[in-house]
Amino acid sequence: MGISRREFGSLGLGLVATSIGLPAFGAPDLPKIKVGVLKFGTVSWELNTIKHHGLDQKNGVDVEVLDFAGEDATNVAMLAGDLDVIVSDWLWVSRQRSEGEALTLAPYSTAVGALMVKNDSSLRQLPDLAGKKIGVAGGPLDKSWLLIQGLAQQDHTLDLAKEAEIVYGAPPLLAEKALSGELDAVLNFWHFCARLEAEGFRRLVGADDAARGLGASGPVSALGYVFREEWADQNQDVALNFIRASSEAKALLAGSDPEWQRLAPLVRAEGRALEVLRDRYREGIPQRPVAEEEQDAAKLYEVLATLGGEKLVGKARRMAPGTYWAALKA
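If you read the sequence shown in this note's numbering, its first letter stands for residue 1179, the second for the next number, and so on.
The set of hints was computed from the structure by calculation and includes no laboratory data. Mixed in with the good hints there might be a few duds.
To be verified - In silico DSBU-like links for lysine-lysine, alpha-carbon gap of 30 Å or less:
id : residue 1 : residue 2
1  : Lys1217   : Lys1236
2  : Lys1311   : Lys1296
3  : Lys1296   : Lys1310
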């Protein structure tokens, strides 16, 4: 049984985190789903919403969330068969499929990072970055960084990696360096960009702008809920109910400002910062048919394979068929 576009709505998967001060009173007669997530990550906002409103049990699933310190740890646990679901990107899923691991995904969020500069900065476009000091979170193979480099090369014949001073570092550290004026621009993850925006920064160019400039026709999810294809196909009703629970949480977060006030302690923001994080989260709720997203992801994969090479994608030069779960395209 597939899921209609109307039912799919704002796609997500419903999770419940036991690590955020909420009891895991799962109903014993409901199918249990083990989900591995990064502790203190933005996914926990949605998980909290699901648990607080009982959306997992309403949709017939009992979600058990296990916290991990880093993405590599969740990936290893997934490949070891210790988890049913994790959050990762379609590049990783495609690479695993190409190497024999039949993983697949459902889009979670299109929110992506951006090159941020102070509001009073004289930097207005990519060519202005030549000779400047740029902080980059995620390392040299970060997707957003590669896409922005690709756009600079395509539109301005500018090799940012060579013609600017690049400083790689952890997202919090780079945010601090940007605030202190040690960097001319910083490319950070979306929620760090939102916090910077609340502190007087603006977007110079976003990874989403770069994606469109390089061939995407609309927003493409940066992250998805990843699971084994065999598990999803054999437990299709469970997997789809899981997605519906998340979709309901996203709808609530999209329409309720009081819900964000309730989440403020977990988000660790208030006032203007909370408002910007709320708005950027809402902008990242997937709205497009999955088949359209998949087509654009395939285009971007080929661009990224050229820019990042084998270190990024392995030997496969094209996105592996089945990277997006087929049931969501029915």
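Okay, the hints, checked on the actual structure:
no. : hint                 : result
1   : Lys1217 with Lys1236 : holds (25 Å)
2   : Lys1311 with Lys1296 : holds (13 Å)
3   : Lys1296 with Lys1310 : holds (14 Å)
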